Amino acid sequence: MSATTTAAAPRQTVGTRAFLRDNGVYLAIAVLVAYNLVFTENFATVANLNTQLVQVAPVLIVALGMALVIGTEGVDLSVGSVMAVAAAILPLYLGYGIIPALGLALLAGALCGALNGTLVALVGIQPIVATLALLVGGRGLALVLADGQLKDIRNPELLDLGSGKLLGLPVIVWIAAVLAALVWLLVRYTTFGRQLVAVGGNRSASALAGLPVRRVLMITYIISGVLAAVAGVVATARLTASDPSAIGTLFELSAITAVVVGGTPLSGGRVRILGTVAGALLMQLITATLIKHDLPDSTAQIVQAAIIVLAVYLQRSRSGGDR
Amino acid sequence: MTSVEQRVEPEESVASGGMTRAERIAGLVQRRGSVVVLALVVLIASVSFDSFATVGNAQNIAIQSSFLAIVALGMTFVIISGGIDLSVGSVYALGGVLAAYGIQWGSLVGLLLPLVVCGAIGLLNGVLVAYGRLAPFIVTLATLLGARGLLLAITDEGSTTRLMQREDWLTQLGQGTFLGLGIPVWITIVLFAVGVVVLQRTRFGHATLAIGGSREAATLMGLPVARDTMLLYLGSGLLAGLAGALAAAYSASGVTIVGEGLELDAIAAVVIGGTLLTGGAGTVGGTLAGVLLLRVIQNVINQVGTLSSHYQSVVSGAFLAVVVAVQAYLSRAHLRGGR
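Line order of the protein sequences matches chains W and C. Our numbering puts the first residue of the first sequence at 1, with every later residue one more than the last. Our numbering puts the first residue of the second sequence at 1, with every later residue one more than the last.
Looking at chain C on its own, in the form it has when it is part of the complex (with noise of 0.2 Å):
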């Protein structure tokens, strides 16, 4: 993750071009911050708990932080151009339920279904948002209705629960390991892997954070903006389909009551790992470490015992909105060295 996090330097120094030293060290925390706090939290836990440094746990940790993961994925990208996605939630049980569904037709139907569904979702969108110019706050609200309505259509208004065979092999895409880690959690290293290649390196990664930039600015340069903004919102959604189906896989079911709540996660590991809500700005290795640090302290909080679960959100809560007056306060420090 390291290598991840240096990669995005070469990016940040046109921004970096002629700074104090303050406003260097501001700069820094707000990119680097969530990867300190997690290396922090980590070595309190391991000291505290023996049971926190196995690799048991670790792996606990890991496979519980992929899901989430790659639907922030998603959500850093649609952020950092200056929207929103809160639909994801939704459309990831939409994705799980309907990878247990297709599966009676096999593996590959079980994977390619919820893919095409959460696609069009996201598609839409994007339309909506891209070429209707409608607000992606709102746009997503309704799709987050929507695609939660068509989970209940296709579940017996959500009373079926459809079990996935052990045999297919799009279980074991969910529950099978490799090198002592899940399956689920390669295909999440290899998707931010392409995540930070895409963001640093291509074109389309450079009209995104342009786009969130100024998005007339991006208009005036001749980008693509409407164009690159509806792949965005696609990118979302295939991203969530994605995940609720490993999750599916994972737990050999399609479960018709997940996902609530986690397009707030999904927000809250983007902003906690750095990158601003207004958009222009961002890295998608932050938000690994983001999604990572929320994993944790659950995990923490569950190792003490004696607390109840109830407490997590408790600390989440509270932990984002430290970190995001913390954001604020920085990028004010950087506006008043600016100018």
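Looking at chain W on its own, in the form it has when it is part of the complex (with noise of 0.2 Å):
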């Protein structure tokens, strides 16, 4: 921690960029929040609360798996067709109880994850690659298993979860915040949490210190996939139907934008999980604030682009620049 200090004492502007890399996010929260709360009708109201954390809800599960995979020093693709895959599972299974279909979409998610946990942990391929393959892969088999077509979904316990409410709270809402409080708990104080950001920060250095860095990878990559079929889950309850061929798409950028916007480097070696949370909401906030002052979908993606392109920009001086 000194030595992090005394490296970046010389140079005041770095203290300046610092301070808006790791707090840039809550700063511009902040921002929007007070602007929406002076000049947007309905900003205020429990309805609006709940709508907009809903929504943000099934990214922000895939962002969670994603933090970890990025502090790795990879990134994982195949999170939307992930999501995919467990959607298309649900219905086949609803017929047997709430409980073996969630089980078996989760384990779709596990065994998915470490199918690319194998290809980037055992193998050594790279992260962008492997994953693509089940990003192209995983889309192809969801839409296999429901033969391409959307189905409904009308179990009364699964149509709960998506619309139910637990303390005035979406039962939705519930799932993600118990999910990031325990991803966050896992990276900050968990044996596996801190193996994780040296494997990220230094692979061949934490080999050789003896930590053993293909079963962490392999383990980051199975939690990212079965975070990535809870989204899907969840999404398709919200949905009351199982779309394999529209549930998920874009969402990889959509969460690596969250991470990286959180402040987390896409040169591995730091997670930062509150800072996920905040990107996540963040993202929501700027498109709910540009639809209802009335702007187009297409303003929204441009001004998310910028902002993206400002987030990495400001962890430049830390990345160094390549990938």
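Since the hints were made in silico from the structure, they are not lab data. Hints are not guaranteed to be accurate.
Unchecked claim - Residues on chain C that point at chain W, a partial pick, calculated with CB under 8 Å:
no., residue
1, A135
2, T143
3, L150
4, L264
5, L277
6, Q312
7, A328
None of these values were measured; they are calculated from a predicted model. All C-beta atoms, glycine included, are put in the ideal place defined by N, C-alpha and C.
Both chains are sitting in their own frames, so use the hints and assemble them into the complex.
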């Protein structure tokens, strides 16, 4: 810690940039919330809050896993397709009850993660390509499983999951919040969390220090797969239909955006879970603000693009450049 | 295409000096594997399906491959330099929409507008990557979103699809044929021939390989690393825009929903073609084989008929995983031998 401080001290600009890099996302949220409180009608209502939180929940759940993977200097492009696989499996087994259906959907997510983990950790393929294979293949698999069709969900328990409330907040939001807390604890207080950060910081040094590098990578990708499957289930429950062709498309991009905007560097060695939560909230808040002011989708996308570039620019001093 | 492949040989001779036989075979599989597999798949498909080895089907595969091939050509150079361009799918779609938008002022505007705008997006990528030193992955991810946003902005949020008139020469450029092959196919062949010459015979091509091998070393050698990196992304944007414009001319409309996931097909084709994603090595001819392989597999699955078309992406994904696994194994064998 002290080493970092001394290294940063000689250049004053680094101090400002480091502050923006670490806290910019919270600052941006504060500014946007203040703006909306003043200028947007019906912003500070319980209904609006719930809508926004429900909308952001699936992205947030995926982004939690993505933050871990990016922390290992990797990336998981397959998350959207894994969501689709989980969504496609649900209606196939809902006849046996909700528990077997949920269990199998999550198991499928774990298997997808294990496949990514095998390719990355054991075979030694770069994460972008390894997970790209499953992005392409997983979507096809989901469509094959579902026969390319959208299926309505009529299971009452699953519908409750999608639209029910607990203590005033939607169940989906609780799921996302609990998962965020768990992943935060995992990174902060467990041996695995420390090993993950070490592997991301310097893989060969970690291996030389005797850390189980391959196992850490494998578990990280499995966690990402399971979280993507959870997001797939949640999104299906909210939609009240399993739609394997549309569910989770471009989620990998939204999740990466949330993680990067939240201050986790793409170069690995650092995981910011609270930042990731804030990053997901910020992107949702931006979209919501633009929509409430009748600005079209196109503008929202261009603004998001600019914010991604800005976030990475702020991280540049740390990540050093390449990839 | 074989002649294209063979020209690669002299450039590789530096690396292959003093190698054992096993390493040379490993290197050969890495570079030529896609051509061999392509030949095998074509052979098996010709024997299995009467309707596969027909002139009509070959013309079909050629035209379907051409648009992806043009995009993958730019991607090949970017990946060889150690970068990546995720924006090409959006830029491709934008190029098509702009062609259909610009053609109301004539074919020339219809062709130039997509090239100028898509070139500008490529240039923006290049400046941010080369001079801003930002990660290519994330810069091009941002322009993926931005280009899609621009596309929505000029199509009333995607609800307007502009049609192109048959009489315009730009439309003829997409739909016309010459010696039995579609004009986009001929454009693709010319572009790939130019691509081979640029990569193997020009200072720019050699600099691209050097940058991918080691950026630091390339800088120390005095190569114009930043300028060349910028030009690579500019080229990728231009080619994606051109491919989009040709595809729009081919279908005579600026369809707004095309190109999603095209960047992944392009990357898959490049990687299957034997270009290392780590940069520093790769061939233009291999990419062409990779594109044809993806399209032939798609064609074969359609031929089977009983298989749903969704199997196509399952097969492509599995194929990609196998290819990169073999590549990883081979390059490790290569390293072990080298020590």
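Results for each hint:
1. Checking C:A135 against chain W: minimum C-beta separation of about 5 Å stays under 8 Å; hint holds.
2. The criterion of a C-beta within 8 Å of any C-beta in chain W is met by C:T143, whose closest approach is roughly 6 Å, and the hint holds.
3. A hinted interface residue such as C:L150 counts as satisfied when its beta carbon comes closer than 8 Å to some beta carbon of chain W; here the least separation is about 7 Å, so the hint holds.
4. Annotation: C:L264 was flagged as interfacial toward chain W, and the flag holds, the nearest CB pair being 6 Å apart, inside 8 Å.
5. The beta carbon of C:L277 comes within 5 Å of a beta carbon in chain W, closer than 8 Å, and the hint placing it at the interface holds.
6. For C:Q312, the interface hint holds, since its Cβ comes within 8 Å of a Cβ in chain W; the closest pair sits about 7 Å apart.
7. With its C-beta approaching chain W no nearer than about 5 Å, C:A328 sits inside the 8 Å limit, and its interface hint holds.
Hint check: no violations occur; every hint is consistent with the structure.
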